[in-house]
Structures are given as structure tokens and as C-alpha cells.
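Here's the letter readout for the chains.
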Amino acid sequence: MFNSRKTSRLLASPYIAWAMIFIIVPLGMILFYGLTDESGAFTFANIAAIAEPVHLRSLILALILSVISTVICFFLAYPLGMILARNKLSSQGIITTLFILPMWMNFLLRTLAWMTLLENKGVINGVLDFIGLPEINVINTPGAIVLGMVYNFLPFMILPIYNSLSSIDDNVINAARDLGADAVQTFFKVTLPLTVPGIISGITMVFIPALTTFAISTMLGGSKILLIGNIIEQEFTLSYDWNLGAGLSIVLMVFIVINMVVSALSDKKGEDR
Amino acid sequence: MSKELIRLENISKSFDGELILDDLNLTIHENEFVTLLGPSGCGKTTTLRIIGGFETPDKGRVIFDGQDITALAPNKRQLNTVFQKYALFTHMDIAENIAFGLKIKNKPQEYIEDKIHYALKLVNLEGYEHRMPESLSGGQQQRVAIARAIVNEPKVLLLDEPLGALDLKLRQDMQYELIRLKNELGITFIYVTHDQEEALTMSDHIVVMNQGYIQQEGSPEDIYNEPENAFVADFIGDSNIIHATMVRDELVNILDTDFICVDKDFGENKPVDVVIRPEDVELVPRGQGTLPGTVSHVIFKGVHYEMEVQAGGFEWLVHSTRMFDAGTEVDIKVDPFNIQVMNRPESEDEEAMVIDV
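Protein chains in written order, with my numbering: chain A, 1 to 273; chain B, 274 to 630.
Note that these hints are calculated values from the structure, not bench results. One or more of the hints may lead you astray.
Some chain B residues close to chain A (C-beta under 10 Å, calculated; not the full set) [stated by the list, open to error]:
#	residue
1	R322
2	F327
3	I342
4	A346
5	Q357
6	A368
7	K376
8	K378
9	K388
10	R559
Predicted, not measured: the structure shown is a model, and the values here were computed from it. Quick reminder that beta carbons are idealized off the backbone N, C-alpha and C, glycines included.
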């Protein structure tokens, strides 16, 4: 019924229209604004602006914080993925629910909740005060931003890792043991290499949103810590310098494209094998 | 008989409260091709996994070459396994797969390369060193799995239904291949299958299992010709299993007709089961045999005709190269040597599982 090429093109048209209006056109506009000045003349100045100390610092900070968050997410997610994959029947439901449940709540609300918890006069310090421990100062530090990133993006690391772990046949692990490998050797020579595709898509899915975030850093980092996302946001919403904002966006996109190319390459390698 | 290699002593194992193996005792000798044969859920794979070290028995001991290895981890055991569905490492090429065990043991590079070459030659896969497992056919992957196991020079090779995923023709080729391999390597093979033909073709020694118990052990000829109970008779090949009464030594009453047999010591007027293989039932023109009957179906099977004969209220299965048309009135004749008399199972449980299969 839907086998003809014409029909399938027709069925795809709503999405194609959507993609044209909300993805392709905005991208074109960013490219246009990024490569022109106020008068509309062609310039590289907006892109070169990344070299300005303020911009460069925020880009480097964003890179550092998102790398740290990604690494933390990986070390939290991998053991959990192993536990989930091992207990295929029993405790899986509960643990999965615990991790998926927060995702049903709006991302901004969740981050706002952390703000309330971490504030200097917030819930955590209230509890510490009550039991006689010294207060901690977490809010408005890079640590708070990392915490927010890990909290929000952890599920995106767990899911692909869990998927690749649970698709390993038990007998493949048994075979490694059978051939003389102990538990540690089996993990590093068999389990870990077999889950590389899952790890890479997990990294992509955590690193890119962490690198580009401005909401988490605004709420948990205060106004002093600016990530590249915050700078871009401010150029668009406060300074109304769309050309500079778009130019910096293009720079950020380069990092995203690099990440995606790396993951696509390793995916392809995985298929070849 | 050659030296004892593996002894299972009083092994019991249950999963989720369900008893899979109950007080199993089994001795396996050096350089034997032993097959654990039985329907699914009979405990044969669990037995193999206990020998391999992937399951720990709830009770009992595993003795390997005089040493108790019950609690030993699989990587410390001098045996290797060929798994169902091959279980190759898909992120390594064929050479790396085969080298896996040797690299773990830190063998020199030259030795490893020799071994890879030797193993691939042995399984007829020369030149496949740098292919990836997924680019190979099922039969080829199975050969790689075998090569990967044997380069470690195990004393015992465990094979868990290794031919189950292959098609019929390939399976038959691989059966001969496995026999050849076993003879070339001179090691013990423990083979698990539910395919009785495979078991009869390859084994030196067959262990028939059902519901966690060993039903019978012996050479393929013993198992086929002298089944000890109706389960074994029914599971191995086609057979006519009939309730009968042992009148006295060497005389059995089958379906109200007396037949001369060669079995003794069952007592007088004792209820028994008799097994008569379809190829041992002789059909002769009416008046020349022992039990009168009528041919009800005839099917041509290639090497012989398969006929169903109604006689004495029982439907006899008969294999013969001599064809009688459906409806022909015939007599059934059985040579005394071909009547196998067995004790009838006493408990209802046993009875039930016999009927079940």
C-alpha cells in the first residue's frame, strides 16, 4: 500500500517541512549572522572573537566542566549498567524506575530543586547546621555546575551502556573464563571492548548538552561563572549582538561536529568488525 | 578400559527450588567420546556446566584426575568448552580469538602463531586468520570455536550442543569432522545433545538422562539394542513398547499371545514392558506367523517401507523392505533375540514421564 516511492515521500513531508523550518533555516541564519557584521558585510570578526580572553576562558571552562561531568557520568553509569545487565529479572525494575523517574520532571524544575538544596541558607546547610556540622559552600562554584550536569545527564550515559552490556551473550563471558582469563582480564579484554559503541554514544549524549548548557550554569553557577553557553545567551538576549552570538555558536558547533564525527567513525569501525 | 579422568559424586543441583540433578554419579574415562543425551530440561547441560565450572553443585563433588575441583574457578580448570551458538569474541579477528587463551597464559609470540596455524589447519579454515567472526557462516564459526578451545591443549573438551544451530547436511559433515578431531587429538570429548542420531553416530559411551536422573549408560549398541526401560527405548530410535506379562523364563505373553524370548529371571506372571524395534518385526502371509493383524498404512521412506499394522489391539510400527498393501491380512513374527524385556516402571511419576515423551 505504502510501497511506492511517491507515497513514502508524501508520508515524510510533514517531518521534512518541520526540519526545513526549524532546523535548516535557523542554521542558515546562524551562518549568515555569524559571517556578517551589523551592516551585513562579510566578516570573520565574529568567529575570531572567540580569541578574546573572556570568550576563550568561558569556552575552556565549559570544555573542562563538561569533560569532568562526562567522566564522572561514565564511572557512575558503567557499574550501574553492569548491575542492571546482570540482574536481568529481579531488581532491574526498581533501579530503572529510580533513574528514569526524575526524567519525567522538567529539567529546569530539577535544577531549580538543586538550587534550593545547595543555597548557603538552603536545605543541605540547614541539615548540617542542625546536626552540628560546619556549613558547606557549594552553590555558585564550578562544583555545583558539575553536580547539576551529572545529575541531569547521567541517564543518557546509563541507557546506551546498559544496552550494550545486556546484549553481550553470557556464554561469551563464560568463554573468556573458560579460556583462562580471570574476572579482571575478562572485563578489560572482552566486556569493555564489546561495549565501546555504547560508551561512545553515552559520551556524545552527555558531553554535547553539557558543553552547550547555559541553564545549569545560570542557576547553579550564579552570574560569576560564565560558560560559553552563557556568553552566547547574553549576546542574544542582553546585548542584542546577534552577529557575535551567532559567530560564537559556530565555534561551539565545530566542537559538536568533531565529537559526532569521532563517534560516527568509531560506530562504522564497530560495524566493519 | 582406560584410566578414569572425571568422576561426579552425588551431584545435586536445583534452580529456584526446582531439582535439576538428583544425586548424580558419573565416571568418565580418558580418551572417550562421551555423550550426555536427553530431552531438554533433563539436566545434561547443567551437568556439563558443573564440569566446566560455570555452575556449582548444591551437593556432591567433582573429581578431575584425582583432585577435587568442585570449587575451582573455570579459568583454573584443565578443560575447555565449545559453547552453543559459538560465543566468539566479535571484536577480535579469527587469529585473535584463537590466541586468546594462549595470550592469557603469556605464551611466546612464535608459539602462538604456530598454534593458530595448526588449529586452523585442523579445522580446515586455513587463510581465515584476519577475517572477523561475523563474516563467517555458522559452520565456520563453530570450527573457530573448536580451534579456540583446542589450542589450549585441554585434557577434556566440553561441547554443548555445538551443532544445534547448523542445518542437517552440515551437521552430518561436522559429526564426522568431530570424530576425526577427537581421534587426532586423543583427548576426552564430553558432548551434550538431544539428537539421538548424533549420539549414536559419534559416541564411544552414551549417558541417557531424563529429569535429572541417568536412565542408562553404555555403548551405542547397548543403548539401542538393550534399552533398560521404556524411556530409553522410546527416546533412542523408533520402537514398539508394549505392556506384557512374563509367563516364565524365556516365554512372554504379548497382547494375549505367547512369544518365545531369551530373557530370564523376571519371575513368573510378572508384568513387564517389551521393546521390539520396527525393523525386527517380520510380516508374513496369514497363517505363517504368531500374531494375526491387518496393515493399516504404508509409507515409502527410501531405504524401507514404514507400515502400521493393527494386531492384538496394538498399532505396530514395522520397517521392512517388503511391502504389503494397506488392508492386507498378515501375521506378525518376531525372532526371540529381538524381543527386549524390561522391568515396568513402578512409580506413577516414572510412568508419567515415560508417556510424556
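Quick rundown of the hints versus the structure:
1. With its C-beta approaching chain A no nearer than about 8 Å, R322 of chain B sits inside the 10 Å limit, and its interface hint holds.
2. Annotation: interface hint on F327 of chain B holds; nearest CB of chain A at approximately 5 Å, less than 10 Å.
3. Hint status for I342 of chain B relative to chain A: violated, with the closest Cβ pair at about 14 Å, above 10 Å.
4. Because the smallest distance between the Cβ of A346 of chain B and any Cβ of chain A comes to about 7 Å, under 10 Å, the interface hint for this residue holds.
5. Hint on Q357 of chain B holds. Least Cβ distance to chain A is approximately 7 Å, under the 10 Å limit.
6. Annotation: A368 of chain B was flagged as interfacial toward chain A, and the flag is violated, the nearest CB pair being 14 Å apart, outside 10 Å.
7. Using the Cβ-Cβ criterion of 10 Å, the hint placing K376 of chain B at the interface with chain A is satisfied: the shortest such distance is roughly 9 Å.
8. A least Cβ separation of about 6 Å between K378 of chain B and chain A falls short of the 10 Å threshold, and the interface hint therefore holds.
9. Hint status for K388 of chain B relative to chain A: violated, with the closest Cβ pair at about 13 Å, above 10 Å.
10. About 59 Å separates the beta-carbon of R559 of chain B from the nearest beta-carbon of chain A, more than 10 Å, and the hint is not met.
Violation of the numbered hints given earlier is confined to hints 3, 6, 9 and 10; the remaining hints are satisfied by the structure.
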